[in-house]
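J.: Take a look at the letters that make up each chain.
Number of protein chains: 2
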Amino acid sequence: MKDVLNYCAAHQDEYLEQLKDFLRIPSISTSEEAKADIAKAASFVAAQLKGAGMNSVAIHPTKGHPVVYGEWLGAKGAPTVLIYGHYDVQPPDPLDLWKTPPFEPTIRDGKIFARGSADDKGQAFIHMKVVEAFMKTRGALPVNVKFIVEGEEEIGSTNLADFVKKNKKMLACDVILISDTHMMGVKQPSITYGLRGLTYLEMTVTAAKGDMHSGTFGGGVANPIQVLAEILTACKDPKTGKIKIPGFYDDVVVMTKKERAELAKLPHSDAKWAKDIGATKVHGEKGFTTVERTGTRPTFEINGIWGGHTGAGVKTVLPAKASAKVSMRLVANQNPMKIAKLFMDYVKKVTPDTVKCEVKLYDNNGHPALTPIDSAGMRAAAAAIKAVYKKDPFFTREGGSIPVVADFQQLLGSEAVLLGFGLPDDNLHAPNEKFDIIQFSNGMKTAACFLDEFAKIKA
Amino acid sequence: MKDVLNYCAAHQDEYLEQLKDFLRIPSISTSEEAKADIAKAASFVAAQLKGAGMNSVAIHPTKGHPVVYGEWLGAKGAPTVLIYGHYDVQPPDPLDLWKTPPFEPTIRDGKIFARGSADDKGQAFIHMKVVEAFMKTRGALPVNVKFIVEGEEEIGSTNLADFVKKNKKMLACDVILISDTHMMGVKQPSITYGLRGLTYLEMTVTAAKGDMHSGTFGGGVANPIQVLAEILTACKDPKTGKIKIPGFYDDVVVMTKKERAELAKLPHSDAKWAKDIGATKVHGEKGFTTVERTGTRPTFEINGIWGGHTGAGVKTVLPAKASAKVSMRLVANQNPMKIAKLFMDYVKKVTPDTVKCEVKLYDNNGHPALTPIDSAGMRAAAAAIKAVYKKDPFFTREGGSIPVVADFQQLLGSEAVLLGFGLPDDNLHAPNEKFDIIQFSNGMKTAACFLDEFAKIKA
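Sequence order for the protein chains is A and B. Quick note: the numbering used here has the first sequence finishing at residue 459, numbered continuously throughout. Quick note: the numbering used here has the second sequence finishing at residue 459, numbered continuously throughout.
For reference, chain A alone in the conformation it holds in the complex:
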């Protein structure tokens, strides 16, 4: 592997400059105004795949943002690896908290700061360069490779399942390789074997037809913010942290004693974890550790709330309505549509007759996923990690959601390997997102070794 690894190392600075070009494109999938940038990012990916020696490179339109595909099928008799990534990014707000602008990639302290640096442009880019390095040095890859890079991951991969369904043959593979997660530390390599699912809703409580004077009407009619607060409070027990939506936990696969024991081995300190995020202390569901709460247990989180006067100064208004965005992270075998329904039913039940409460379900639903640790792909990933990091990886469950993982597994019948090179402090979805250059460098090595190892295991 020295030829490929040396090639990667020799070209790293050049690759980083190319990655910066990628990161300069504000391809925010949630923004209506970003369509041109989405197209620009898709073209960038297509050009990279062509430059890496991929064939059949094409930008496939969907009802939403396009999917970029490319393949190299010259490894006769060898297995096929489908590499997934996404070129879209989260919105960068609040902008004023970024030390350097989100779309002006800046290297500081060995880290590249930019929206999308870790999630997922930087990680997806690793695979494009690894494949390029193989092709430039050997003119061939140890396995057949297919790339699928989408532009709707941050809005729930709305159209990807449909695309996969329609292109099952084109996407047929032996393993799906995804680098869109993080490992525990630069010296604590880990592989993710579970992901949480997601259901995302928005609710609006309306108490009157228009805003009112809080003096004239205050005390005589329901305050919609007060009622919204009551409904949200009714969703979670403040003391036990248990979600109070009836039936919410019914389908959760109970962790085995063995799994809990394995998770307990993971190096983790509640005090350090809380300190790192600036919390006074950890908080969550009673009876579970922080590792379990964030990886193996479902959640109910309020992602946003607004109503009434939110500007500077005072306004003695009694608002007509108030809204909140809420999402629930789900674990195997919870079904996002079923959970959304349970939530809606519960809200209906706890909403008083003094107001109206409308609940809207977003398209951003994703099934949770679990991959067996002893599968071929996981073993290849573990061997690659060992080769590069000189130690065995930990196996973890990650709290985030990549809805397509469950879809891929179900539709293509292949296992998914989540070989992530991010780190826990990457500030995903937050200001000052970054990607460590050492992880970019080790990531290229590991990704290269994975292709090699997978070819061997499957041989």
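Derived by calculation from the structure, the hints in this document are not laboratory data. No experiment lies behind these values; they were computed from the predicted model shown. Nothing false has been slipped in among the hints.
Just so you know, same-sequence chains aren't split out, so a pair can sit in one copy or run between any two.
Result set (DSS-like, lysine-lysine): computed pairs, CA atoms no more than 27 Å apart in a straight line:
hint, residue 1, residue 2
1, Lys356, Lys99
2, Lys286, Lys349
3, Lys244, Lys356
4, Lys40, Lys20
5, Lys209, Lys275
6, Lys40, Lys99
7, Lys265, Lys391
8, Lys349, Lys239
9, Lys356, Lys272
Model the placement of chain B on the given structure of chain A, informed by the hints.
T.: Positioned in the frame of chain A, the structure of chain B alone reads:
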């Protein structure tokens, strides 16, 4: 009185055009950007007072927005009426709900639509024109008159008490006449004998140092919006509508049976009241009627809330913090500073140790006020109403706050008469604020008669 009343009627159209000029000035006291408009509105008032024949007209600077003063003291031996009004207005947001722009006054269906039309430019303007009419027709007023028109009413009259303290002699009077309230209906004239006080606070719950990914961290740390909702829920019992802040009701003057019986006589229909504001039904403190709830009982209202992602689409963020603006309307003898302290102490008590909650008290505090119905000013007001509306007024307590009323009463030792010409559906502090032209017209007549009646009563 025919000479004066006829003069007012003959010049009404001209006065309305002048009022429109006044309403075109966006003198929003809460806005940092509106200083020039505040100055413009103060100049407008000063010019009106000069035009009406007032002497010693001056724009007095304060630490905040200026106070406009003018006087006519030519009625030797007659009593002195201090007329108070304010030239500042509430912010107009949400702008998209206005049928015509807030600062482009538009007459529709016998109503003038504009921010400040009823609160309080239109009402304050009535007195300027009445005084002008007396001077133009008679060259004299039946009483001595002093005008004080401020620019900080909507932000709690922050600097007015100080101004009054420093100018007690200049402002000395027998009665304070204020038109900044409403009556029950065009054919149901009423006079306000009580006002609620106010204390206004803002609270921010912080759970972490920055926004987090709801997948990676969700379930392991407190959600600040959830905690804020819990704290707000803890402030008011959803079932009884009772405010749960310990000691909150301690100083409330208990209504007498007689007062409750008088209030029960007021024409009021819960069904109609709810329908008018577009509520499904009334809601408030158990054991009290809607008239009592909105006029005689203290309230706890959330005026605004915000946190996390409040824009379009989804963002799977676990926010670092969330905020709310809350205010409490107070009744005699509650003290706004004491109540603010009780609230702060209670918030401290109910805030869990997983977050920090900071509470900030705004300057907008006001004492509640009550004026005896049988005082000279009230009798003059009732007689003026009877002369114009041909029926006796109802006596009501209004839920809104004019903090200066209690200050005036205390500092100047004079009674205050709240002779308001607004109507309940004026949309104060809300989109599509309006002032009925019939009320402008009847208001001029009533204000003119008041000066006449007060001179007679005090003779």
